[in-house]
Amino acid sequence: DQQVKQNSPSLSVQEGRISILNCDYTNSMFDYFLWYKKYPAEGPTFLISISSIKDKNEDGRFTVFLNKSAKHLSLHIVPSQPGDSAVYFCAASAQTGGFKTIFGAGTRLFVKA
Amino acid sequence: GAGVSQSPSNKVTEKGKDVELRCDPISGHTALYWYRQRLGQGLEFLIYFQGNSAPDKSGLPSDRFSAERTGESVSTLTIQRTQQEDSAVYLCASSYSGQGGRKLFFGSGTQLSVL
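Those protein sequence lines, which keep their order, are chains A and B. First residue of the first sequence? That's 792 in my numbering, and the numbers climb one at a time after it. First residue of the second sequence? That's 612 in my numbering, and the numbers climb one at a time after it.
Worth flagging that the hints you see were computed from the coordinates, not collected in a lab. Since the structure is predicted, the reported quantities are computational estimates derived from the model, not experimental observations. Glycine residues also receive a C-beta, built at the ideal position from the N, C-alpha and C atoms. Careful: at least some of the hints might be erroneous.
Said to hold, decoys possible - For the chain A half of the interface with chain B, some residues (derived, Cβ under 7 Å), not all of them:
1. Gly834
2. Phe837
3. Gly889
4. Lys891
So that you can see chain A by itself, here it is in the shape it has in the complex (with noise of 0.2 Å):
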């Protein structure tokens, strides 16, 4: 049972446009969410993260919005830039669930110069 999904394996953008990665998950117990990044040959890195009474957490570059009543979760990367090019994992935890925290399968994004 795949509590958090990402759908999308692969998305590629030109440089400089948005990049909108998305994230569906089941668990309505989930109250905390997180983006992950992750180069070849090196562990996931934490990008930005969302808690459940938010819609919305910005970064710089970096957006998340949280729809709850949809279970969907998005990252939005404006605008993006070839060192954007990555793995994107997208993750959630529980407090009931003693803050487990669980990955999607992870989509690939290739930003194009």
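For chain A, the structure is supplied; the task is to place chain B on it using the hints.
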């Protein structure tokens, strides 16, 4: 060290052998996770240690997999009688516990290849 350290970085073994993978978490982090990433796949949860609580072993794929943690420090993931499908990158992550531990810090992983 400043970050999560995993060793070895690469391990090649023969089918049927046992392997041990090590993780040194960030000092002060009471929560520790093991994940597995098979080629082209996402991060698969394996096991979660949270302080002195009993570990959550719900993600271990079979009884050939086990993990231990010494107090709030080093953890070892052991795979017995390795199979080719065990080939993957094994990632360790640590964090603080509770509300302050939502953000995980990952090591660089151990690339395991079973021939």
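So, going through the hints one by one against the coordinates:
At its closest, the beta carbon of Gly834 of chain A sits 3 Å from a beta carbon of chain B; the interface hint therefore holds under the 7 Å criterion. Proximity of Phe837 of chain A to chain B holds as hinted, the smallest CB-CB distance being about 5 Å (cut-off 7 Å). A cut of 7 Å between beta carbons decides the hint on Gly889 of chain A: the least distance to chain B is about 6 Å, and the hint holds. Interface hint at Lys891 of chain A: satisfied, since its Cβ lies 5 Å from the closest Cβ of chain B, which is below the 7 Å cut-off.
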